[in-house]
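There are 2 protein chains.
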Amino acid sequence: MNIYDIAKLSGVSIATVSRVVNGSEKVSEKTRSKVLDIIRQEGYTPNVFAQGLGIGTMHTVGILVPTISDQYMAKCVSYLEDQLTVHGYDCILSCSGFSIEGKEARTQMLLSKHIDALVFVGSTYSGSGESVEETDYIREAAKQAPVFIINGYVKGDNVFCRLCDDRTAMREAVGALLAHGRKDILFLTDSRSYSAREKTAGCIEALEGAGIPVRDEMFLHTENRIHAVRDYLLSINPVFDAAVATDDGIAIGAVKFAQEKGLSVPGDLCVIGYNNSSLAVACNPELTSIDSRAELLCRETIDNILAILHGDASIPACSIQPGRLISRKTTDF
Amino acid sequence: MNIYDIAKLSGVSIATVSRVVNGSEKVSEKTRSKVLDIIRQEGYTPNVFAQGLGIGTMHTVGILVPTISDQYMAKCVSYLEDQLTVHGYDCILSCSGFSIEGKEARTQMLLSKHIDALVFVGSTYSGSGESVEETDYIREAAKQAPVFIINGYVKGDNVFCRLCDDRTAMREAVGALLAHGRKDILFLTDSRSYSAREKTAGCIEALEGAGIPVRDEMFLHTENRIHAVRDYLLSINPVFDAAVATDDGIAIGAVKFAQEKGLSVPGDLCVIGYNNSSLAVACNPELTSIDSRAELLCRETIDNILAILHGDASIPACSIQPGRLISRKTTDF
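Residue numbers (the working numbering), protein chains in the order written: chain A, 1 to 333; chain B, 334 to 666.
Here are the computed lysine-lysine pairs in the DSSO-like style, where the Cα-Cα straight-line distance is at most 27 Å:
hint, chain 1, residue 1, chain 2, residue 2
1, A, Lys143, A, Lys34
2, A, Lys261, B, Lys662
3, B, Lys476, B, Lys488
4, B, Lys594, A, Lys329
5, A, Lys143, B, Lys446
6, B, Lys662, A, Lys329
Chain A side only, calculated, beta carbon under 10 Å to chain B, not exhaustive:
hint, residue
7, Thr67
8, Cys95
9, Val281
Distance windows between CB atoms, simulated:
hint, chain 1, residue 1, chain 2, residue 2, range
10, B, Arg548, A, Leu263, 41 to 51 Å
11, B, Val419, A, Ala317, 32 to 42 Å
12, A, Glu104, B, Lys476, 31 to 41 Å
Hint data in this document are derived by calculation from the structure and do not stem from the laboratory. Heads up, the beta-carbon is just placed ideally off N, CA and C, and yes, glycines get one too.
For reference, chain A alone in the conformation it holds in the complex (with noise of 0.2 Å):
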């Protein structure tokens, strides 16, 4: 139970306990007595109050992502740290792996070092898609401490997510791809997460916009290791002018596939990859990638974080950041 729970009871806003439990002026008499009336039946101590208000906490908050080997977490862990140190915040982290024993005593470790808020990094944490069961986990951790969900999805109480829209910024680039007369597509990914689940969704939504009939074997399944992914195009040929990828290290492997098959690139396989991460300047030529703008729904995450613990409580569920497409010398767009 928590300030959330105690705004049901109420029937009024956070943000209205919050004033009561300040001492505000803006409340009236009658609803200041009723939210102290529900504290008081329901016996809360002040420290839980201190854990949604920011008032006497420990200031510090918990980072949880799969792996910190990935880039794309990395980037934003960085950010998220960076932010937090500059307001006054401590941070915890701690990497789950990608199973749901691995995120659940983690998140259960964070919570229980006296965190304010918890942020989960990367859609692996919306589960598989297959059951609302798999995320009961993060519900339960909203009860303790508001929760946040960079680039995942997950609907309850108390948790906050912050998205890119996958989905449309894959559908413009395959789109795009199509329009300057690439014909056979390769889709290529390491992931079934919610992430993966929507690139894929907008690839197919892109091919059916532009009458071309979707085949399973336009979409591959690979490793995320860039000579992994090479070898494996080489091992099974096959025939495409543009390869799309849901992270850069894979697309790279496309470029290498080419290289190794003597194919120019972009001249015979343009290739898009994904995060716009130091890979894609690293690679020769120079990787196109789609911004997934981790830097932007970190910052926002901040931003909801600090204000939520300053009791303001009007802050939306849900929130879609466009993604970017950042042209460099894998396509000839």
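We have chain A; now place chain B onto it with these hints.
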């Protein structure tokens, strides 16, 4: 005060204190009563021992990095997290930045979370080498928990350094370039850390060993961003036929410079990076790089932490592993 102080006051080894506390038979009655007397005199609680001995602890290890956006740090943290989790330990990570204030504050924060051991990742924690006081906070921390430093050197009780022999690795790499006919070596770095100083010393030793005059303009300080390095080199247009860098990102900047100038790699210009990151494989031609053995240093650290927390005191204060040159396509050997 902790188990190490008790060992010192009792005039016995930490292993002996551990045996006394664990009720081992292998301690003489005289030693046992001496140690127990000290324990009583100093008023230690069992928790203090638990911290040192792995009994009833929080099973949590703190990890400090300057920034997680650096691939070397991310690789180390990823490995440490994975392995500590396998052994039933939680990790909490914090990013300190590079300032002394940030390092001290985050160290205190981690110590306040009841950690069993503290791992500092990166040679920035060795300080600039200008004064011993810079690293006093590490020796202070080591009074509360065993401290490990990955690829940094700090002298102190209960401080354990796990290093890569960067000096020798760089001396051998530059030696190989000279042996293969290169004459004008450029050394590129973004850092003045312990590790960067060791690499610089190794380069100088190789040059001197070959009777080549060491000139200031052979050593360039740059940002660690691929395009920034490329543009810097284009702006100063140095004459060189080989470049060595203290990180792969910097080295790839030199490769991009060569491509911009129409120079062939490795024909006109050999390039060697450092850390053998995924950037080295993303690059084309793929980058020869010195593997600084992050995984090996981390594995040793994990083994040592587990040994210490189980009461084994026979851990060397310092160990050094050789680096390893991974030859790819930016060198002709």
